[in-house]
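As you go down the protein sequences, you meet chains B and H in turn. First residue of the first sequence: 1, per the numbering used here; consecutive thereafter. First residue of the second sequence: 343, per the numbering used here; consecutive thereafter.
Be a bit skeptical, because a hint or two may be false.
Simulated crosslink set (SDA-like; lysine to any residue; CA at most 20 Å straight-line) [claimed, not checked]: (1) H:467 with H:445; (2) H:610 with B:213; (3) B:10 with B:279; (4) H:610 with B:10.
Note that these hints are calculated values from the structure, not bench results. The model shown is predicted, which means the values in this text are computed figures rather than measured ones.
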Amino acid sequence: MSLVEVKDLKKHFPIKSGILKRTTGHVYAVDGVSFTIEEGETLGLVGESGCGKSTTGRVILRLLSATGGSVSFDGQDVMNASHGDMQRLRRDMQIIFQDPYASLNPRMRVKKIIGESLRIHRIGTDEERLDRVAELLEIVGLTAEQGERYPHEFSGGQRQRIGVARALALNPRFIVADEPVSALDVSIQAQMINLLEDLQDQFKLTYLVIAHDLSVVKHISDRVVVMYLGKVVEIADSSLLYDRPGHPYTEALLSAVPIPDPGAERARRRIILEGDVPSAANPPKGCVFHPRCARAQVDPCTVAMPPLESTDGDAGRLSHEVACYFPTRYAADGTATASTPA
Amino acid sequence: MGERLLEVTSLSTHFYTHAGVVKAVNGVSFSLDRNETIGIVGESGSGKTVAALSILRLVPDPPGKIVEGSVVLKGRDLLALSEDEMREVRGNDIAMIFQDPMTSLNPVFKVGDQIAEAVVLHQGKGKREAAQMAVELLARVGISDAKRRANEYPFEFSGGMRQRAMIAMAISCNPEILIADEPTTALDVTIQAQIMDVIREMQGVYNSGVIMITHDLGIVAQMADRVMVMYGGRTMEYGTVDEVYYNPHQPYTWGLLGSLPRLDEVEKQRLTPIEGQPPNLLLLPPGCPFSGRCPYERPVCRETFPDLESVGPDHGVHCWVPLDERLAIRASLPYFAASVA
């Protein structure tokens, strides 16, 4: 059994307008998303702004209520858990936020920020809690003395470490990391990525890493979920993602990411997508990607969203699913045999 | 390369704050030729944006002041010009695209009118003709249905379209130099690819020199002919992109390259981050700003900033570690060991 199972998850935000604030439409932020996360695995969730990746993370933790679908954690139904059950579940499910400036209370000392969840869950005596905070600070590469300080006394990278220490306080099994490095400079980003990897080994953590930076996601994840406009378009083992993308959106996304290697850059073929991502309040009918897709056909692409299906090109050794009527297929030697529509 | 457009020599821009002097740019030199793109790469606080603003003399004074150096545009020292003369240079000779297109466009004027304003101001064209040109410029940077779009307000544009409008405004007066300061940082990667495409295309049309300021070594690899790596207000290393990426000599450059996860890595490699935190710009040592974080530091590093050492054709580095020792250290680093194999 997978540790986390997400089935047909939906989150629609109502659009209200007029004096009476009537609901005049919906933003289909997350619209039928399914995937699983195995114990000890890092699953990456990637997509451009507005694709619903952060909302997905929050709905899984029930920081937002779902419009439909289900989430289970270790066999337990998260969406319908009682208040008490939910509190117990939250010990196991934690989150690291993107912005290390906005997510730490500026009026609290760091030791209090990190120890807060211990206090809420009534774990240990005051003294034991302080010991635990000191231990946590050292785990994330800070010193126990730094617990006496306030967040503004730290740099961005150090604040993000404080956020990680807070997430670890209750010994969780599962952590959602929502853009954990995007606010950090390159040199500090690498420190944070290595820290997350070390903590995973040390504490047998399971991660859902949400990020827009494909290089980071691919590096840190075992498998990667690619989202576009509230839907999953591809799920692939991260070793397959770069060499064998199946969905035309994934291909375009990968080709748009610059690689820090001038020679490799000169040799690349870049696919430039036309136009912008459509509004999630009025998503295209059929496949959500069809208005920007070079392979799209009136039938079937504008009729119905294709289901996620396993591609057989990898001989089933590694997981790879694509939601496309005309996915790129690969021969045994790795050459693409795009199933371009006739 | 073509004709020399810009020559910046030992430029220093300092900010005089209540807490002390911030040496945001400290003795920086570089040049730019026609049709060439130079990348200025660095992390936050490295001085890359202030260097660009200093070229245009847009550093707010007070607290900022260009304390030293020269900026020569085709034989004219911009730092010696009057404010009126400088205003002619901005837009006409050198145009700039900023990071956040929403704050650089005026929200209460139509996009077309804002572009036309620049044309009227700098080229003395009539209003009607300028309006016509604005539509043409919008079409040229890839905005479809430009005629209708010119009549819209910035809020009706998406982020990518706003940046296109900014580029249209920048190229409206045929500038010889285009400075792009993190032009795509606020944009998604597929839109970033579109914008980079437009910048490259416009450079081809107008034969301009481009200064691309970014924190992204991938963008530099993609766009630039030459690159300057900055840290703590100093140039650490400069050279052609091939030299700096394949034959880097500065420990900070090694650190940057080793810190980056690569999309095309086949076997997962552990990243080698730069230890420590970014420097406090008020407390920079008199010597190399990277001392304190540099694993190969020696006593002299904190005291004096090393002179430029030429390590190849059009490739220079500032570093106290002796050349042979440097090459030995580099060969032992995981990032370079892997790329040699």
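Verification of the hints:
1. H:467 with H:445: The given pair, whose Cα atoms are some 26 Å apart, is violated under the 20 Å limit.
2. H:610 with B:213: Answer holds: residue 610 of chain H to residue 213 of chain B is near 17 Å, not above 20 Å.
3. B:10 with B:279: holds, 17 Å
4. H:610 with B:10: Violated, at about 34 Å.
This entry does not satisfy hints 1 and 4, going by the numbered hints stated previously.
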